[in-house]
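The listed protein sequences derive, respectively, from chains A and B.
Start counting the first sequence at 62; every next residue gets the next number (our numbering).
Start counting the second sequence at 76; every next residue gets the next number (our numbering).
These aren't lab readings, by the way, just hints derived from the structure by calculation.
This one's a predicted model, so the numbers in the text were calculated from it and none came from an experiment.
Every residue gets a Cβ at the ideal spot worked out from N, C-alpha and C, and that includes glycine.
Any given hint could be a false lead.
[Unchecked claim] Keeping only pairs whose Cα atoms sit at most 25 angstroms apart, straight-line, the calculated DMTMM-like set for lysine to aspartate or glutamate is:
#1 B:K127 <-> A:D126
#2 B:K401 <-> A:D126
#3 A:K99 <-> B:D131
#4 B:K373 <-> A:D126
#5 A:K99 <-> A:E70
#6 B:K407 <-> A:D124
#7 A:K88 <-> B:E242
#8 B:K127 <-> A:D124
#9 B:K363 <-> A:E70
#10 A:K99 <-> B:E438
#11 A:K99 <-> B:D522
#12 B:K329 <-> A:D142
#13 B:K329 <-> A:D68
[To be verified] Reference listing, derived: stretches of chain B covered by chain A, where coverage requires no fewer than 3 residues with Cβ under 8 angstroms from a Cβ of chain A:
#14 114–128
#15 279–291
#16 331–339
#17 378–384
#18 416–429
#19 502–515
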Amino acid sequence: MDIIFRDREVFEEVQRRNLINPEVVAKAYHIAPERIEKLLYFAPAKAIKIGMARLVRSGAPGDTDVYGAQQHAPLLTIELDL
Amino acid sequence: MAKEYRILSPTAILGYGFPEESFMRGIAEHPDLIAVDAGSTDPGPYYLGAGKSFTDRTGVKGDLRFMLVQGIKNHIPVVIGTAGGSGARPHVEWCRKIIEEIAAEENLHFRMGIVYADVDKEVVVNAIEKGELISLDDQPIPTPEQVRECPYVVAQMGPEPLNHLIEEGCEVILAGRCYDPVCFAARPMQEGYDRALATHMGKILECAAIAATPGSGSDCALGILKEDSFILQALSPERKFTAQSTAAHTLYEKSDPYHLPGPGGSLDLTGVSFTELGDGRVEVRGTKFVPTPKYAVKLEGSRCVGYRTVSIAGTHDPILIASIEKVAQQVKDRVTNLLLHDDLQGEVFFHIYGKNGVMGNLETMEMGKPHEICVVMEVLSDTQEHANTICSLTRSTFLHYGYEGRISTAGNLAFPFSPSDIPMGAAYDFCLYHLLEVDDPSALFSDEIVEIGK
């Protein structure tokens, strides 16, 4: 999942203060922080890349989202104090 | 090598279509190559396992017709990568047939090179037994039995296997499973252009106008590769490439935007700059290629894990909705019991939309009080007949189940369709998504050259 910021200043402040980090994301998803496998800041696109392992392989029986396209809603609950 | 190499990318996936005006604007730019990525593993394991295309034949033929007619008429080579959606032999044959039809209908004559990505399963088994298969993302190593259960196993080829076909004067190259940028990068690399820049440009061009703004996977893009940079250009007046849209595209489908691994090595984007040229075009420079000590290709394979039948129904009863999770479990338990009596094996999954259909166990929200929900019953069993039987049992049990507090007894579920149960055929699961190291980048990939329309 990617979070892309509109404002470079906001992105830089968030990065500087590490406001979006594995603990914050894990809390939004009600999971342990260890399940956030990757979280990095990509300055050229003012973006944060988040990687989380799937519960079920794509398209395996019982999967709920083959493309993994609709798992982002909990990110919208994250509030930042800027 | 010439100062520039121009590549026209008509669409993000062959078959998605594109506006004729955009394509012809691209042709007017005198491209040196028309190339398209024809496949993906995004749609899941079914298409590779079943040997079928996820793209529609009419759409694919329509797109190819434009590419081949303009390509051959204007002496512009054409390259198609990951043919037929998954790039195994049946997918390549499927696409070849479409090309032959177009050639006959349009009276086109050309030399076509075909390169296959199918890997001998015993080569993979051998690597497993020697402990040489490399896991990605902690995926378990498959057993030899599981590998042999995959109807098709492919390896993502790098640019090297296409060189021979380029040297032999193939005007059209039809390739099986490729590392996505390869269908764009192979030809300019053969002419001496930088591997890192060609590959990076290919990574963006494979998505056509998705990296432009507003983005679109069914609109064309032009890439201009130079000695130490490349330029991206939209071919529709309402779209343009910006530094932001191009940089943001680096995030797409990648777990690390700074290091993009591929056959032979990785792209290092730590020093990349994206510069707007002020006319809706962006120039990219600074990509580096870091070779791996040993050349590795990524294998893909999916195996049949059973047969599936589904039933779709809704419910609007507030008492049932309030206790849906409990009732679903009770239905499952009742079905499991009945199956034991009949010695039938199967798995039952409920997808409850309105509760947690999309996120499953990852859902964080409470259901609340929706006035309706949708229950999709998914059954997996060893044969289609057994899946049908178990689905029928599950569906009728659910429909008539006397759950606690029930008031309306006419039927618990609203079916939109008659028949209510839908046999879905074979179900597959990816079991190969691993790296295989090779001494020769081309050894795994066989090819042939055919004269079309002659």
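These are the hints, each one checked on the structure:
For a cut-off of 25 angstroms, the pair hint linking K127 (chain B) to D126 (chain A) stands: about 21 angstroms separates their Cα positions. For the given pair, K401 (chain B) sits about 23 angstroms from D126 (chain A) by alpha-carbon distance, which is consistent with the 25 angstroms threshold. With a C-alpha separation of about 36 angstroms, the suggested pair K99 (chain A) and D131 (chain B) falls outside the 25 angstroms cut-off, and the hint is violated. At roughly 24 angstroms between alpha-carbon atoms, K373 (chain B) and D126 (chain A) fall within 25 angstroms of each other, so this suggested pair holds.
Among the hinted pairs, K99 (chain A) with E70 (chain A) is consistent with the structure: their alpha-carbon atoms are about 23 angstroms apart, no more than 25 angstroms. A distance of roughly 18 angstroms separates the Cα atoms of K407 (chain B) and D124 (chain A); the hinted pair therefore holds under the 25 angstroms criterion. Distance check on the hinted pair: K88 (chain A) and E242 (chain B) sit about 56 angstroms apart at the alpha-carbon level, beyond 25 angstroms; violated. Taking the CA atoms of K127 (chain B) and D124 (chain A), the gap is about 21 angstroms. The hint holds against a cut of 25 angstroms.
Using a Cα cut-off of 25 angstroms, the hinted pair K363 (chain B) and E70 (chain A) is violated, with the two alpha carbons roughly 29 angstroms apart. For the suggested pair K99 (chain A) and E438 (chain B), the alpha carbons sit about 20 angstroms apart, so the restraint of at most 25 angstroms is met. Simply put, K99 (chain A) and D522 (chain B) have alpha-carbon atoms about 39 angstroms apart, too far for the 25 angstroms limit, and the pair is violated. For the given pair, K329 (chain B) sits about 29 angstroms from D142 (chain A) by alpha-carbon distance, which is inconsistent with the 25 angstroms threshold.
For the proposed pair K329 (chain B) and D68 (chain A), the alpha carbon gap of about 23 angstroms is at most 25 angstroms, so the pair holds. Counting residues of the stretch 114–128 of chain B whose C-beta sits closer than 8 angstroms to any C-beta of chain A gives 6, which meets the bar of three, so the coverage hint holds. Under the rule that three or more residues need a Cβ within less than 8 angstroms of chain A, the assignment of the stretch 279–291 of chain B is violated, with 0 such residues. Here's how the stretch 331–339 of chain B fares: 3 of its residues keep a CB closer than 8 angstroms to some CB of chain A, so the rule of at least three is met and the hint holds.
Beta-carbon proximity to chain A at under 8 angstroms applies to 3 residues in the stretch 378–384 of chain B; the threshold of 3 is reached and the given coverage holds. By the rule of at least three residues with a Cβ nearer than 8 angstroms to a Cβ of chain A, the coverage given for the stretch 416–429 of chain B holds, with 3 such residues. A stretch counts as covered by a chain when three or more of its residues have a beta carbon under 8 angstroms from one of that chain; for the stretch 502–515 of chain B and chain A the count is 4, and the coverage holds.
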